[in-house]
Amino acid sequence: MDEALQREMLAFLPRLRRFTYGLTGSAHEGDDLLQATCERAIRHIDKWQPGTRLDSWMYRIARNLHLNDIRAKGVRSNHLSTIDPDDAVVVDGAGAMEWHMTFQAVRGFVDRLPEEQRTILLLITVEGLSYREVAELLELPLGTVTSRLARARLALKSFLGGDDTPRDSGRPNGVEGVTA
Amino acid sequence: MTFNLNDETLVAYVDGQLDARETARVEATLAESAGARETVRQLREGAALLRAAFNEPMSEPMPERVLETIDKAANKAVAARASRQCNRASRWMSGLSPWQMALAASIAALMVGLGAGFFVSDYRVERRLAALEAVVEADRQARNDALVAALEKNVSGETVAWENPDSGRRGSITPVRTFKTTRGQWCREYAADEWLGDKQELRRAIACREAEGLWKTRVVLVGDV
Numbered sequence: 001m002d003e004a005l006q007r008e009m010l011a012f013l014p015r016l017r018r019f020t021y022g023l024t025g026s027a028h029e030g031d032d033l034l035q036a037t038c039e040r041a042i043r044h045i046d047k048w049q050p051g052t053r054l055d056s057w058m059y060r061i062a063r064n065l066h067l068n069d070i071r072a073k074g075v076r077s078n079h080l081s082t083i084d085p086d087d088a089v090v091v092d093g094a095g096a097m098e099w100h101m102t103f104q105a106v107r108g109f110v111d112r113l114p115e116e117q118r119t120i121l122l123l124i125t126v127e128g129l130s131y132r133e134v135a136e137l138l139e140l141p142l143g144t145v146t147s148r149l150a151r152a153r154l155a156l157k158s159f160l161g162g163d164d165t166p167r168d169s170g171r172p173n174g175v176e177g178v179t180a
Numbered sequence: 181m182t183f184n185l186n187d188e189t190l191v192a193y194v195d196g197q198l199d200a201r202e203t204a205r206v207e208a209t210l211a212e213s214a215g216a217r218e219t220v221r222q223l224r225e226g227a228a229l230l231r232a233a234f235n236e237p238m239s240e241p242m243p244e245r246v247l248e249t250i251d252k253a254a255n256k257a258v259a260a261r262a263s264r265q266c267n268r269a270s271r272w273m274s275g276l277s278p279w280q281m282a283l284a285a286s287i288a289a290l291m292v293g294l295g296a297g298f299f300v301s302d303y304r305v306e307r308r309l310a311a312l313e314a315v316v317e318a319d320r321q322a323r324n325d326a327l328v329a330a331l332e333k334n335v336s337g338e339t340v341a342w343e344n345p346d347s348g349r350r351g352s353i354t355p356v357r358t359f360k361t362t363r364g365q366w367c368r369e370y371a372a373d374e375w376l377g378d379k380q381e382l383r384r385a386i387a388c389r390e391a392e393g394l395w396k397t398r399v400v401l402v403g404d405v
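In order, the protein sequences belong to chains A and B.
For the first sequence, the working numbering assigns the number 1 to the initial residue and increments by one for each residue that follows.
For the second sequence, the working numbering assigns the number 181 to the initial residue and increments by one for each residue that follows.
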């Protein structure tokens with residue numbers, strides 16, 4: 001592996017890690033999956049075509065390893081790791097703690113989504129891949145990606161208290177709430 | 181669940197995935213419908229919250245075992261240098277726990293604009309990248325010094341070798357022939373040979389003399405630019 005490839009892989013790691021965390025729903029399992037993904041990518045680096053996107057290729061490896069894992073275990077262990085209580089220090093008043101609760105609730109919501117929606121939601125909305133890239137990566141028709149994503153996003157909107165339902169009291173009251 | 185084709189189009193619009201014609205059509209609808217505008221606002225806010233929610237736990241530093249996996253596959257010397265730099269944690273980092281910094285960053289991203297947040301960084305990764313950058317720059321410097329020495333002083337066929345112990349890269353430059361352009365500029369064809377581990381790269385190129393000690397490669401005949 002030369003410096004250019006090493007640089008590309010390193011620079012991509014934080015994003016890949018965010019994805020593996022989202023897939024597994026746990027920091028510990030996410031890091032195990034991240035490690036396994038890197039090991040596999042390095043072992044099979046000759047299968048990667050220089051000039052094509054390294055990130056898409058590694059996202060795909062992560063997702064396939066994760067699917068194998070789920071099949072092996074039968075079920076997905078359903079727990080989001082909680083933040084160490086020692087770390088739960090308020091940054092700037094009550095607002096920060098409320099945001100932290102909101103973020104945790106949002107991660108819980110993603111954890112409960114069907115696997116097929118979760119992967120697409122993470123790749124597009126968190127990782128910023130285009131619909132087309134995700135369709136290629138998952139080998140799905142573009143229309144399937146579009147509709148699964150829309151379903152997940154509308155569910156998220158309802159969860160966050162859109163659709164005329166009153167806002168969840170555990171959530172800061174709008175973005176302006178932090179600055180106030 | 182409120183789900184129809186219209187919603188799919190709105191989501192794709194929020195994500196910037198529609199072509200110009202479709203975008204114009206959606207925007208015309210938005211101008212007329214306060215309800216649709218509210219849906220778009222909520223979809224944007226939801227997406228931003230989602231990104232911030234998954235950026236938050238990324239505050240825990242990248243596990244060393246993952247970085248070591250890459251180090252092992254890459255150049256040993258670069259890795260050693262990078263991990264030396266990683267261990268020297270900068271002083272400003274020590275005041276805040278990584279978790280606090282990330283939460284602050286997540287909130288800042290939300291306040292700056294709901295669109296922010298695909299980017300995520302990690303200081304251990306940044307340190308390694310910086311170290312890698314320094315090593316690559318040192319390679320470039322050593323390669324260029326050898327090139328200038330060979331082209332400026334050596335007769336054709338006489339080799340100048342170079343080596344960067346930090347990267348493990350080594351190489352040599354050999355002038356092959358010399359000629360003068362119609363505009364009176366001196367140019368030399370040279371052969372460059374470079375090794376990283378057991379991987380060899382060969383290059384043939386023509387460089388021309390711009391000034392004392394300044395040779396610019398004009399044409400690459402064989403090998404990567």
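Any given hint could turn out to be false.
Stated by the list, open to error - These stretches of chain B come out as covered by chain A in the derived footprint (C-beta under 8 angstroms, 3 or more residues):
#, segment
1, 219-232
2, 247-254
3, 302-309
Hints in this document: simulated from the structure, not taken from any laboratory.
Note that CB positions come from ideal geometry on N, CA and C, so glycine has one too.
Given coverage of the segment 302-309 of chain B by chain A, checked by CB-CB distance under 8 angstroms (3 or more): holds (count 4)
Would you check chain A against the segment 219-232 of chain B, counting CB to CB pairs closer than 8 angstroms, and say if three or more residues qualify? holds (count 10)
Coverage of the segment 247-254 of chain B by chain A (three or more Cβ within 8 angstroms): It holds, with 5 qualifying residues against the three required.
Hint check: no violations occur; every hint is consistent with the structure.
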